[in-house]
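There are 2 protein chains.
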Amino acid sequence: MDLEDTLLMMPGPVPVAPRVLRAMSKPMINHRGAEFSAMYDDCCEILADVFQTKNDIFLLSGSGTAAMEAAVACTTEKDDVVLSLENGKFGERFKDIAARYGKVNALENEWGHSFDLNEVEKKLEEGAKTITLIHNETSVGIQNPAKDIGKLAKKHDALFIMDGVTTIGGDLVKTDEWGVDIAVVGSQKCLAAPPGLSMISVSDRAFEAMADKENLPYYLDLKAYKKSADKSQTPYTPAIPLFFALQEALHIVKEESMDARIKRHATGAKAIRAAASAMCIEMFPQLNAEHSHYSNTVTAMKAPEGITGNDIKKDMMARGITIAGGQSHLSGKIFRIGSMGNVQPKDIMLTIQELELVLKKREIISDIGPGVEAASEVLDTLL
Amino acid sequence: MDLEDTLLMMPGPVPVAPRVLRAMSKPMINHRGAEFSAMYDDCCEILADVFQTKNDIFLLSGSGTAAMEAAVACTTEKDDVVLSLENGKFGERFKDIAARYGKVNALENEWGHSFDLNEVEKKLEEGAKTITLIHNETSVGIQNPAKDIGKLAKKHDALFIMDGVTTIGGDLVKTDEWGVDIAVVGSQKCLAAPPGLSMISVSDRAFEAMADKENLPYYLDLKAYKKSADKSQTPYTPAIPLFFALQEALHIVKEESMDARIKRHATGAKAIRAAASAMCIEMFPQLNAEHSHYSNTVTAMKAPEGITGNDIKKDMMARGITIAGGQSHLSGKIFRIGSMGNVQPKDIMLTIQELELVLKKREIISDIGPGVEAASEVLDTLL
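Protein chains in written order, with this note's numbering: chain V, 251 to 633; chain B, 251 to 633.
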């Protein structure tokens, strides 16, 4: 198998468009020169629309985890309580990060189970300076109710930090309208750039929270980023090729328009769910609350009786398609198909077709066709 | 002027070879797959030779500053004393980083002035858990005596953290022989890869220092890197294209051999100094100690009477060559020519020739030729 010709249907890294790869391979430039600053400003302008925010946006040379840490580390003193909402691996990560900087009060749901807003509010009533939420819990394919959590945060005067790593740029996110003080996205997810950069929006209120804070981290010091942003620069040497790539990827986003992009993502995930249903594959998330939804960017399914998630992944890989298994204790029990970035209907159609063949050969399903037909019916609404 | 056809003669980012740019523009891969791990191992193997170490080496998706912070943050408790040696901007940065994590005892030399080993030892006698040194102080073009400092660190049982950002891969560095517990390098300097990655070697003794430490940083948690390294992975999503690029850049290093590379760097800087001398341009560093040397990778010169460093930089830029000015309070007073990475004699010859023309036109020197001749005489020893 030619590795370079593998179709990535993971929840990131996602396939990167040839024009983005070409942009990335330009010769180096001086990161303190005018041309870098122009690129920086161009990225920020498009990102403001993607984030739906008037807040400052900074570009960090580090993964989404770096930006998650920057958000918590810069706003949390050691006696501050961080209410951490967990229903998957990345919620757990946010909790672990918070524990290194403050006092954690965690709402720990079983992974894949939606949050009960009453429970969230009860926790907030115990007092919290900050609340952290994973908008789209990639590890379990659930979309958490960011808008509702934002309302509760506002009511209880808590800072709202949202990990939008696998929604921003592909799913509906309204940073300002939802009252998100700090929102975070990674380059290699819905924005379809290579991994290595993260973008973070920071409200005035969040800056106030870090005004008197002692011992900010250094590389992730958001105040340093703000100071350098006035000159359209980064405080430390940026990963220049990744900026070239991000800029081109953002132009693709702009050309498509966020409205069309959001519709395409939602339709793609819906098609995968329809196909799964036609193949009698169960969704993994337990949506026991009306305000939670299946993810619009990654679909997590239970491995059908008689096959593990890892076997499905392996069989798909042999056919040239990379999907994801389960993480931590979900390894083997679930499998996940990412449909984020510039993924097109044809990519989803191929994935479903191959999945049907894999399951048929393993004698998990008896007929091929129903999955493909169901997916097509949904995707054809985009035509 | 075509920006893509500018010759970068800065102390990083440096020009990146076309084959490195091509390697970087490959399609994305799964960072949890076998192909990534093979690339990771290949990089570490070559880096062990570059660092001259048997210690663990980790690859961070972040700039050299991130690795500097990781070194200090993971080994320093808030009551620990860090002896920070400063004679330039990056020494100052190390001091600022240390101040966020422990108690700083700084030896603050005037920028560009070499360290007096007796003074260093006196400071060590006051008690220090850790000593930080910039091996090559890029901001002022001085090479600090890492080997001697290593001996003093050993004698006084202090952890030795060395920033080798602009030496490792181009200048002589013997991490283990010199007793360097943590050594740091950036991708965009002597290794001639694009910016965005940093590599860090960590001794067992350094790991012992972080064994019981509470509240390690998260993204820069070296214990997490060690754990993932056992699987030839990184703990968080790596900047995949920069790994493709680094691997290819390291193959170039290996093909040239470190011995030849060190000789080429030393000869290149010597040629620039010879040219400067022939043009009556003074070196900036004050080498008032026998164990300090002019840098082998960047040459810092005083702006001659009648012109500022920034004007020289501007005039050179108009002729298609990017050099560097002075940083902070040295802005305008000095100018710097980088000669690191894959810089060839012809690049240095062109730079000197253009510099002579710039200075002649500004009526700073009366004749062109002596600089070129002096540089050529040194560089021709490489033929």
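A couple of the hints might just be wrong.
Identical copies look the same in the list; a pair holds intra-copy or inter-copy alike.
[Unchecked claim] Lysine-lysine pairs mimicking DSS-like chemistry, simulated, CA-CA at most 25 angstroms apart: (1) K353 <-> K463; (2) K328 <-> K397; (3) K345 <-> K473; (4) K481 <-> K513; (5) K481 <-> K583; (6) K404 <-> K328; (7) K404 <-> K473; (8) K552 <-> K477; (9) K481 <-> K610; (10) K339 <-> K481.
If you are wondering where the hints come from, they were derived from the structure by calculation, not from laboratory data.
Cross-check of the supplied hints:
1. K353 <-> K463: Classified as both; 16 angstroms inside a copy, 18 angstroms across copies.
2. K328 <-> K397: Neither: 28 angstroms inside a copy, 39 angstroms across copies.
3. K345 <-> K473: Close inside one copy (23 angstroms) and across copies (18 angstroms); limit 25 angstroms.
4. K481 <-> K513: neither (36 angstroms within a copy, 39 angstroms between copies)
5. K481 <-> K583: Classified as between; 22 angstroms across copies, 50 angstroms inside a copy.
6. K404 <-> K328: within (22 angstroms within a copy, 35 angstroms between copies)
7. K404 <-> K473: within (24 angstroms within a copy, 37 angstroms between copies)
8. K552 <-> K477: neither (47 angstroms within a copy, 29 angstroms between copies)
9. K481 <-> K610: neither (59 angstroms within a copy, 34 angstroms between copies)
10. K339 <-> K481: between (37 angstroms within a copy, 19 angstroms between copies)
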